[in-house]
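S.K.: Quick one: dock chain against chain with the hints and give me the complex.
Heads up: the sequence lines are chains X and W, in that order.
For the first sequence, UniProt numbering begins at 1 and goes up steadily by one.
For the second sequence, UniProt numbering begins at 1 and goes up steadily by one.
FYI, nobody ran anything at the bench for these hints, they're computed from the structure.
Watch out, some of these pointers could steer you wrong.
[What the hints assert, rightly or not] Quick list of in silico lysine to aspartate or glutamate cross-link-like pairs, DMTMM-like style, CA-CA up to 20 Å:
1) X/Lys-148 <-> W/Glu-193
2) W/Lys-359 <-> W/Asp-125
3) W/Lys-325 <-> W/Glu-139
4) W/Lys-157 <-> W/Glu-167
5) X/Lys-148 <-> W/Glu-261
6) W/Lys-215 <-> W/Glu-193
7) X/Lys-148 <-> W/Glu-253
8) W/Lys-169 <-> W/Glu-293
9) W/Lys-386 <-> W/Glu-167
[As the list claims (entries may be wrong)] Some chain X residues close to chain W (C-beta under 8 Å, calculated; not the full set):
10) Ser-60
11) Leu-61
12) Leu-62
13) Lys-148
14) Ala-165
15) Leu-169
16) Asp-260
17) Ile-271
18) Gly-275
For every residue, glycine included, the Cβ atom is placed at its ideal position computed from N, Cα and C.
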Amino acid sequence: MSQQASVGEVVRVASPARTVRQRSANGAAYTMLVPWLVGFFGLTAIPMVASLYLSFTDYSLLAPPEWVGADNYAYMFNGDYRFWPSLTVTAFYVFVSVPLATVVALAVAVGLNRKMRGIGILRSVYYLPSLLGGSVAIAIMWRELFDKNGLVNLVLSWFGIDGPAWLALPQTAPWTLVFLHAWQFGAPMVIFLAALKQIPSDLYEAAELDGANRVQVFFTITLPLITPIVFFNVVMQMITSFQAFTPAFVISNGTGAPLDSTLFYTLYLYIEGFGNFRMGYAAALAWVLLAIIAGLTALAFATARFWVFNPDD
Amino acid sequence: MTRMNKRQFLKYGGTALGAGMLAGVLGPIGARAQGAGLTVAWWGEGDQNKRTADAMQAYAKASGITIDPQGTNFNGYWDRLATQVAGGNAPDVFQVFLATMAEYAARGTIEPIGNYLGSVIDTSDWAPAARDSVYFGGEQYFVPLGLSTQPAIIYDKTVLEGIGITELKPDWTLAEFREIGAEIAEALSADGEQKFGMDDMGGSQTVLEAFVRSKGVNMFTDEGQLGFSKDDLIEWYEFWDEARAAGVAVAPEARQQGGFEATGIIRGVAAFSTAASTKGLQGFQSLSQNQLEFNPWPRYAADSERIELVTPVEWMVISATSDQKDEAAALLNFIVNDPASITAMGISKGAPVGNALRKQILESGELSETETKIYNVVEEALPYSKPRVIYPPGSGPLVGPGTPLIALLNDQIAFKQIAIPAAVDRFFSEADRNL
Chain X
1 MSQQASVGEV VRVASPARTV RQRSANGAAY TMLVPWLVGF FGLTAIPMVA
51 SLYLSFTDYS LLAPPEWVGA DNYAYMFNGD YRFWPSLTVT AFYVFVSVPL
101 ATVVALAVAV GLNRKMRGIG ILRSVYYLPS LLGGSVAIAI MWRELFDKNG
151 LVNLVLSWFG IDGPAWLALP QTAPWTLVFL HAWQFGAPMV IFLAALKQIP
201 SDLYEAAELD GANRVQVFFT ITLPLITPIV FFNVVMQMIT SFQAFTPAFV
251 ISNGTGAPLD STLFYTLYLY IEGFGNFRMG YAAALAWVLL AIIAGLTALA
301 FATARFWVFN PDD
Chain W
1 MTRMNKRQFL KYGGTALGAG MLAGVLGPIG ARAQGAGLTV AWWGEGDQNK
51 RTADAMQAYA KASGITIDPQ GTNFNGYWDR LATQVAGGNA PDVFQVFLAT
101 MAEYAARGTI EPIGNYLGSV IDTSDWAPAA RDSVYFGGEQ YFVPLGLSTQ
151 PAIIYDKTVL EGIGITELKP DWTLAEFREI GAEIAEALSA DGEQKFGMDD
201 MGGSQTVLEA FVRSKGVNMF TDEGQLGFSK DDLIEWYEFW DEARAAGVAV
251 APEARQQGGF EATGIIRGVA AFSTAASTKG LQGFQSLSQN QLEFNPWPRY
301 AADSERIELV TPVEWMVISA TSDQKDEAAA LLNFIVNDPA SITAMGISKG
351 APVGNALRKQ ILESGELSET ETKIYNVVEE ALPYSKPRVI YPPGSGPLVG
401 PGTPLIALLN DQIAFKQIAI PAAVDRFFSE ADRNL
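Isolated chain W (complex conformation) (with noise of 0.2 Å):
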């Protein structure tokens, strides 16, 4: 045997070191491929992501399966997620909400759950609004994680009880909500500082679709088209125009950047704020000491029905290249059914879909007063509820999150860059283009 020289020793250590390398690059895939448990990803804020990560350890537990839990926050969780579906590796469980889900669901990369609902995910107390939820092209892919209303018109009722207003009716009208905001306005400029009635929210696609719904039209039609009139559209953007320029929405160059922290109720220049579903009020709450209620948003005219939007607002879907798939629907039927998920959850994902469940937590008395409002809030709004039609793929640059084109729109008239209907005209030709 011959000794190894300096040479030798260079090029197998570096070829070692190179296979060593590509191994450490293709070893978690090889790993991944035997199976490593269940992995579940879902996005989640503040002590969300723990209360979930709790609720799939009480499974863990419970099952004797093991659970790869991947919990991140909002931003950073689409582009890890399309990347591990890009990549063949999608986690067998993950979360998806209304901008994105269709257009998991049309490219096949979520599993048909039909066969498991209403066997291994039992849905037999869930309310009509979370069964409704669940379909994307006539076939059943998604599973509610809980109940909101959407959107959420939340306002002060320290500041409107301090002028004199001590009740909002809940069939209330879109002129009366015009004309409070104005009453609240003035009131609360009357010591020489421009205060408003309420936050400029031209550019929510939440309220635009309550409009539109409140007109008697869905936001996309079942063929995944605009559901709405370029005509619904002008009135929108016209009536928040109107609203800003007498000073009961707020003006553009007194808004601020950024979350809950920058809307107007919580600086103090508003009465009325949105957020996308009711669960937004505990964010609200947190920042404020004043008392914050909700009113549904308006009906479209006194002669209009009143209709509420009672709805999932995050779903979690089983993988279509998981290789568990069973294990996966039966954690998924433990997490929206089991008391234990749902305490663990708490209102992070909503009241529970079940109404039985619902009930029996809210009776329990281990709510506190803002969950309280959530949960009375879907109680009340069910008997008003009409399903939405879920948004198609390729709605996201139209009405998703980030700053869609109906949001910069809203700001570019806000701003006098753009007349009415030239936005109009651009968002039904993007529409055009993208759906």
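Excised from the complex, chain X in its bound form (with noise of 0.2 Å):
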């Protein structure tokens, strides 16, 4: 019975009456999606064609570009002496300040979970820096924090240490990159906050009835179950952090100074773009960059089966 009704609705979908009023409902959806269709071919899509086909040229910005081939791909894997170092300093960034930033958001989150009066002030204090975010006022701020007669020297020398020119040393200056990115840990805290509300009260009852220790409590119940979200913020961090642009222009005004310490890719890329008016080189240096992201993106996916947890199983 059901059966005959749905092959009838077929049928009444067919009928002409009906096309033509679907047609009206769908170039009325088409029409309303022009501002988003416009946006997406005019600011991404064809952007990016042109950008992977500008990847084969030598453009210069002020000449029309000249097709080179793989060239710009090859010299950047054979000859380039600010690639490789570009990405080194960049991946230390990514593969420090991401796992740091995620340990820092989820003990924050943890300790804020709680029951307490003003509770609700405090975790608006907490993620206070990450509204801030990666802005040039709170670059502008690290950069004189962590000056030679900065704050952070100023603390130290109240425990007889005699701090450094933190940004003018190459062995320095990319950690206070990784302390900025750690210290805006507030939008995976409150991702982090909202997965441990998520957890049921009665597992934590039934530990603590078994006379489990708030450290067995996290590492067996409470971790295991936030992995999806551990998950979660780590991909998008990583993501983000490979495309991180403004702290390390403003730190090292916009040169990757010291000793390219603080070259980050995306400044790199920038720099041989709008600097050294090699734009066609600089749009081949922003897809190995996607392609190094992606790789990275699928290797976690790959390896979550492994460790995050997941309710079917």
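M.R.: Written out as structure tokens, the structure is:
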């Protein structure tokens, strides 16, 4: 009976009057999508295709591009003395700051996941640094903090430590960027908080009855159950960290100094494109970055089944 | 007439919205094509932008033409300009400097101005240093905005006098510079805290240029190749490596990142610093209570001649795509030759290129003490000045702004990451690729 009805539906849909109405509905839908389509094609799809084409050209921005085949890619891996250092700096930043920010975010979320007076305000305060985000103002503040005569060294001096000029030394400058990232833990923290609240309280009650201490509870109940969120936060942060630009640009005044130790990949790409008039090469750098991010994201998903909790398993 | 139903409303409304957005996107270009006055783009820091805009405004008022002034800071300027040029929407007039002017000229984006120079733009009273600076590839393109000397070797006179050095001769030699540096380092470090004689200038392209010119060659040849040899660069890097090792030049771990405020003079850890040009003295002096002065880059040896570089630091050009080139040329004539413009701009572009104008302003009594010094150093250096060859396209990564290779290698040498011969080989192989 229900099968007949569904066949009837199909027949009715195919009737001429219905088709006209359907087309009209589609037309309205597409019309409504016009702003998005203009944005998608104008700002995303066409520029992406254009940048792929430009990555195979010698393009100075000031004169029309000239086709050079895979020369840009060949030079990148076999001659560019700044490519590998910039990739190394970026990889260091990503692989140190993302786990650090994740641990900090989780620790703060666990700390704030309790019922007490004023907890809402406290949570907001901890989220504040992320509201300011990767802004220029924060990066400038960071530069002042880690200056030779900055606040960090002032505090160190109270303990008799003569702090270095953090931003002038290639050993310490990248760490200031890592700390800046870790300090902006607000967004993953909020997501962790939401996840912590989803964990059924009866699991904790059962654990308590069994005499588990807080550390055991955290590692056997809390952490396993929120691994999907850990996974989400790590992947999202990894993607955005590879694309980080503003902190390095501001802290090094757009140069990647000292000794290219803050030369983030995107900063190098920017210098090549706009500073050195090699926009074709910059486009090639952008596509290699895309491949790196896509590859690492795929790797993360491939390993997920070994450590991410799946309730359906 | 039927009433519009909800779906039709949404459909037409959506189309109208989409069309409106497109019109919004295309609108400025359409408006631009109809001629919205003369667009003029430049960069400047602090009050320079206001001062330059004031000069433009003075001209707009006098001539009755409309000017759309687009002043911005240095970092934001180049992205915007390159994008405008790439989009066929270049400003009618825009400012350029040594590291990029050849790039723009070589790619046909700048209008040759041979037919304006000497007619619409009066060059009759210009100093030779200004007249020499308008060429690229034998063609005239650039209108110089002012004169300075490059580089500026700035010293803290108060500190020097404090340790008994009362006078620096303008025709001193490199050996004397090194010697005085050592003397200062020793005197300043007497209280136990290590200080130095001079900032590490090994990464400064303008100081390197002065060094190779003191040896009788230019930074680049007329053919756009490096004008100096590997041996010259080895000698250069060795000079600074030795100076750092001896505590004469600031050690790499004692350096700081930043602008004038990070220099040895301002931090009180050295008595010699450098700025790209002598007009940089203003920035230094505003941060120091001490009396700061210039001395030229030293002669190479006792039997070498004194060679100075009096040059513009900024130029303005007319876009090849401008449809108001005559008006643009007239504006440029005003900017560089009219006392009203010079008064409005102050020292921000250097001393005026016109000899009589420079004298007139200098004698007007309107200049501050620092500005007077900058005017005087130009006047004093002019007889010794020899023109440079404009840096060729592709020179930016080697000796341009930001961290050019010359500076990166100096840092790598300082931090013992590379040996000097290997660094020099790398510089020359990159030059082969870029030039």
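S.K.: All hints, please: hold or fail.
M.R.: So, going through the hints one by one against the coordinates:
Taken as a hint, the X/Lys-148 and W/Glu-193 pair is honoured in the structure, with Cα atoms around 16 Å apart against an allowance of 20 Å. Taking the CA atoms of W/Lys-359 and W/Asp-125, the gap is about 11 Å. The hint holds against a cut of 20 Å. For the suggested pair W/Lys-325 and W/Glu-139, the alpha carbons sit about 17 Å apart, so the restraint of at most 20 Å is met. At most 20 Å may separate the alpha-carbon atoms for a hinted pair to count; W/Lys-157 and W/Glu-167 meet this at roughly 9 Å.
Between the alpha carbons of X/Lys-148 and W/Glu-261 the distance comes to roughly 12 Å, so the proposed pair stays at or under 20 Å and holds. Between W/Lys-215 and W/Glu-193 the CA atoms are separated by roughly 36 Å; this puts the pair beyond 20 Å, and the hint is violated. The straight-line distance between the Cα atoms of X/Lys-148 and W/Glu-253 is roughly 11 Å, inside the 20 Å bound, and the hint therefore holds. Proposed proximity of W/Lys-169 and W/Glu-293 is supported: the alpha carbons are some 12 Å apart, at most 20 Å.
Among the hinted pairs, W/Lys-386 with W/Glu-167 is inconsistent with the structure: their alpha-carbon atoms are about 26 Å apart, more than 20 Å. Taking 8 Å as the C-beta cut-off, the interface hint given for X/Ser-60 holds, the closest approach to chain W being about 6 Å. This hint holds: X/Leu-61 has a C-beta 5 Å from the nearest C-beta of chain W, less than the 8 Å allowed. A distance limit of 8 Å between C-beta atoms decides the matter here; for X/Leu-62 the minimum to chain W is near 4 Å, and the interface restraint holds.
Interface hint status for X/Lys-148: upheld, as the beta-carbon distance to the closest one in chain W is roughly 5 Å, under 8 Å. Checking X/Ala-165 against chain W: minimum C-beta separation of about 5 Å stays under 8 Å; hint holds. Because the smallest distance between the Cβ of X/Leu-169 and any Cβ of chain W comes to about 6 Å, under 8 Å, the interface hint for this residue holds. A hinted interface residue such as X/Asp-260 counts as satisfied when its beta carbon comes closer than 8 Å to some beta carbon of chain W; here the least separation is about 7 Å, so the hint holds.
Because the smallest distance between the Cβ of X/Ile-271 and any Cβ of chain W comes to about 6 Å, under 8 Å, the interface hint for this residue holds. Against a cut-off of 8 Å between C-beta atoms, the interface hint on X/Gly-275 holds, since the closest Cβ of chain W lies about 6 Å away.
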